Amino acid sequence: MSPLRRRKEVSRTIAAKPSAARLLEVNELNTAFKTPRGLARAVNNVSFVLDRGKTLGIVGESGSGKSVLSRSIMGLLPKQNVVRDGSVLFDGNEITHLSNSAMREFWGTEMAMVFQDPMTSLNPVLKVGRQITESLHYHLDMDKQQANETALALLKSVGIPEAERRLSEYPHQLSGGMRQRIVIAVALACGPKLLFADEPTTALDVTVQAQILNLLQQQQRERDMAMVLVTHDLGVVAGRADEIAVMYAGQIVERAPTRVLFAQMRMPYTEGLLKSIPKLEQASHTRMQIIGGRPPDLVSPPPGCKFAPRCAYAQAKCHSEEPPLVEADSPGHYFKCWFPVGTPEGKDALERNLAAKLPQALAAVGGDTNAAAKVEAEV
Amino acid sequence: MRAVIQRLVQLVVVLLLVTAFTALLLDLVPGDVTNSLAPVSTPAQRQELRHELKLDRPFLTRYADWVNGVAHGDLGCYYGTSGYTSAKTCPDKVADRVKDALPVSLTLMFYAQLLALVIAIPLGVATAYRAGSLFDKGVNTLAFGLLAIPNFVLGLVLAYYVGVKLNWVDPTGYVDFGQDPVAHFQQLALPVISLAVGQVAVYMRLLRSDMIATLQEDFVTMARAKGLSPARILWRHALRPSSLTLLTVAGLNVGALIGGAVVIENIFVIHGMGFLIADAIVRRQYVALQSYVAILALGYVAVNFLVDILYAVLDPRIRHARAVA
Amino acid sequence: MPEPLPETADVPSSRAVEAGVQTLTLETTPPIPVVVEKSATKKLGIVGWIAIIWIVTIVGSAIFASLLWIPRPDQKFLALAGDGPSLAHPFGLDSIGQDMLSRVVYGARASLLVSVASVLFGLVFGGILGLIAGYYRGRIDTLLSYTFNVFLAIPQLVLALALVAVFASDPAVTVGKRELWLVIAIGLVSIPIIGRITRAATLAWSQREFVLAARSMGAKNRRIIVRDVLPNVLPAMFSISLLGIAVVIVLEGGLSILGVGVPTSTPSWGNLIATGRNELTKIVGAAPQVIFAPSIVIFITVLSLNYLGDVVRARFDVRDSAL
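Protein chains in written order, with my numbering: chain D, 1 to 379; chain Y, 380 to 704; chain F, 705 to 1027.
Only chain D is shown next, with the shape it has when bound in the complex (with noise of 0.2 Å):
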């Protein structure tokens, strides 16, 4: 079937349906691994939503399930082995129960991904030509004429210098940056509505890292295409996201409009993640806030909140109950936490831990090394 029909074909199934107004509509998304220990639930009870064009930013550590996420909800997660529950509505069409070679249809089209380490997402023994116009041929049909004109057009306007000569060359004939470049190129061929940016900076030099989030930011603006960009650093997303998402332990545990979460966020961890980076403005040897421990298992996490063990402000109740997902005064802001920052009994519970010298307290408020170590050793 040529591919120019299975387009015809794939726009009657993802026949815009005029109700649905959201590109993405994730609800109760859970992700499990089979493991020899047991289920590892990579990604808990996810729920959001993004319309086009806009930027949702998923932040969290290593562990915290952001990478599983993206790629569970795009399907590229194997079959075997895993478990896969809830909703994944795009354009108003539920995608979780297709079968691979359906989800052909909207991979690379309708959604595409950029992967973190550009090194290892180009194929090496192809030029950089091929693997762009790969899919220009394979989706869209292009003869080889077409396809090399637009692949040029794209590597333009990804920025990179002397295009046509790139065409011919290897990925690793290239520096760091223009591969993640190619990547993107690659990705945004066929002009799909959704990217997922999965830690596209984290591989790369400080100095390029804005110039890609730049870029990636441009591209986004002119094609009106909806973005989801993954990373464990909230100064990446601060700029650059409508929406911010923390995830820890496969949940989402705050997630709010970016200026609403900056300004007044709710949930501890977040807090400690915001402290965690160092300022300019700071004297030099300023001792830097860490958060203490490590993330939990995920096939047997303890009970409560799943961040308890490493929280400043924790007390009884959130090493036994589990905090729901509420909305805070702000519209569009939801947290989960027993005592939230910038509350009084969040204030409270805080000063109760300082004045027992809980360690989780001390690490978060002065950045006391020793502290975190007890924390990492407890946890």
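Keep in mind the hints are simulated off the structure, nothing from the lab. On a predicted model such as this, the values are computed, not experimentally measured, just so you know. Check the hints yourself; a few may be wrong.
[To be verified] In silico DSS-like links for lysine-lysine, alpha-carbon gap of 27 Å or less:
hint	chain 1	residue 1	chain 2	residue 2
1	D	Lys-79	Y	Lys-433
2	D	Lys-34	Y	Lys-516
3	D	Lys-79	D	Lys-54
4	D	Lys-347	D	Lys-374
5	D	Lys-357	D	Lys-374
6	D	Lys-54	D	Lys-144
Position chains Y and F relative to chain D; hints supplied.
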């Protein structure tokens, strides 16, 4: 380029050492060499033979002389059992025999490798893609079993049942392609199958193992995210980076099979290089043997060199690393 | 000739595989679990035990052959000559009436003796040379590697054939002398192969920090080799020996067909097949069991050895697993 020349030099050195070693064999043989070479001859003739073969001269002179001879196409002579024949009037030249035997061996080897690869590559790709499935386990078990069958046993069994009992093909002898294409393939079918079966198992497992590793790589996930079909991903994206091990081993086998199919050639009475070598050894024709070993070594060296070049073709990273180095 | 699986060091290493799926861990990469397969942590399953039992049976019956309830290998039951398998003679009889089961059992002696001895020969010398080459590297490594490559340029069979033919092919040669030369020839031929593998394993292990640590504490090289490197290299060597014995059993078969195997006065699996070959060409009175009996036994033995060799290698191939 420099790395290529380096490699070439290395291989030439190996070639020289191997041939020197076989030349040395003439000195190591217990008893009088000429006795073995030409058992039916007079002492005077043997003395002349000693002189001719320069056995009374130092080793290096003899070796240099031999290399010179080979360069001019003189691969030596068979000193027949029916009386000593001087090299000057040699009726049974080694070069003549080689001219007939080498193409035969090359044909046999080529068909066997081709058959093995044609079966092994698709199987390797398929089992890697469906790793862990019943299909995969079944094929693996079968391959494992096939590995354990000695190729000459298979050869004998095939020769007996297909050749003799069922009389589908004539199990012995060799027919040139030019003479009779159908018979050519018929005669070669059994020996080729005997040689190929064991190779299929090895190659398939090699490819499968490398493919499985490649399929975990990021760029494969990326290719999936591009929406490409599994067939395309397997064959256009994953196969090339995974084929290096296979290439190495197949290359080594090609080198080895030029003279290594000795037993198969013996069973099916195919007058290839292996047959000649075994014959020369048993008949103590050490002079001929020296040339045969040289040819084998040359083949080995040439194949190794080709494999190196193919590496660079398959993986551009190697190509450029070499250019930089 | 069946090949032992290729040397692990000369080829890109197969990735470690574990049953099930790796849990999401704290490591930064890769965050995505990979579906991996079970085969490498091959436990000694039921197949493994069958293999071991088979080997033990073969070795045991070879050693205690004279005590077994079987006729002597050269005892001729002329009336039953050429008969197929029966209750009294489970493997049938050959054309001169000798019991095939008995001949195969006694044949195990010669075949196993030659294979084990030659592999040991190769193991000792090849192992030592490989250790030296891999540990000291530099010029001696280059020299040894060249030597290995030179010997590898000639096919194993051809070289072994040449050596045995030159030094022990007098038709009246004694069984002992021929067997000795078979062991020497095959042993010599296996030195470069075992040497290369040992060298590769040694190279890999010598780069590890604990070797550097030992050296920095002033330990003598020889001590490091023997105490630190060798124990880690041994599993690879053990695995290759099992595979090697299988290869040599087959090699002996090939040499027998070419006429330089164990002399026919004493049965060996190889020469049983070689003499049996003539059986097959007989149009009348052909007795194929003469080939099938030793062939099947060789097949199962090689299969068992290959399997066990694989298990050992998978168990101990530490280099690939998460380290």
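- Item | Hint consistency between Lys-357(D) and Lys-374(D) [alpha-carbon to alpha-carbon, up to 27 Å] | holds, 12 Å
- Are the Cα positions of Lys-34(D) and Lys-516(Y) separated by 27 Å at most? Holds: Lys-34(D) and Lys-516(Y) sit about 21 Å apart, inside 27 Å.
- Task: Quickly compare the C-alpha distance for Lys-54(D) and Lys-144(D) to 27 Å and report which way the hint goes.
- Result: Roughly 34 Å between the alpha carbons, so the hint for Lys-54(D) and Lys-144(D) is violated.
- Holds or violated: Lys-79(D) with Lys-54(D), Cα cutoff 27 Å? Roughly 30 Å between the alpha carbons, so the hint for Lys-79(D) and Lys-54(D) is violated.
- Message: Please verify whether Lys-79(D) and Lys-433(Y) have alpha carbons no more than 27 Å apart.
- Response: Measuring from Cα to Cα gives roughly 74 Å; hence the hint is violated.
- Straight-line alpha-carbon gap Lys-347(D) to Lys-374(D), limit 27 Å: holds, 23 Å
When held up to the earlier numbered hints, the structure conflicts with 1, 3 and 6 and fits the remainder.
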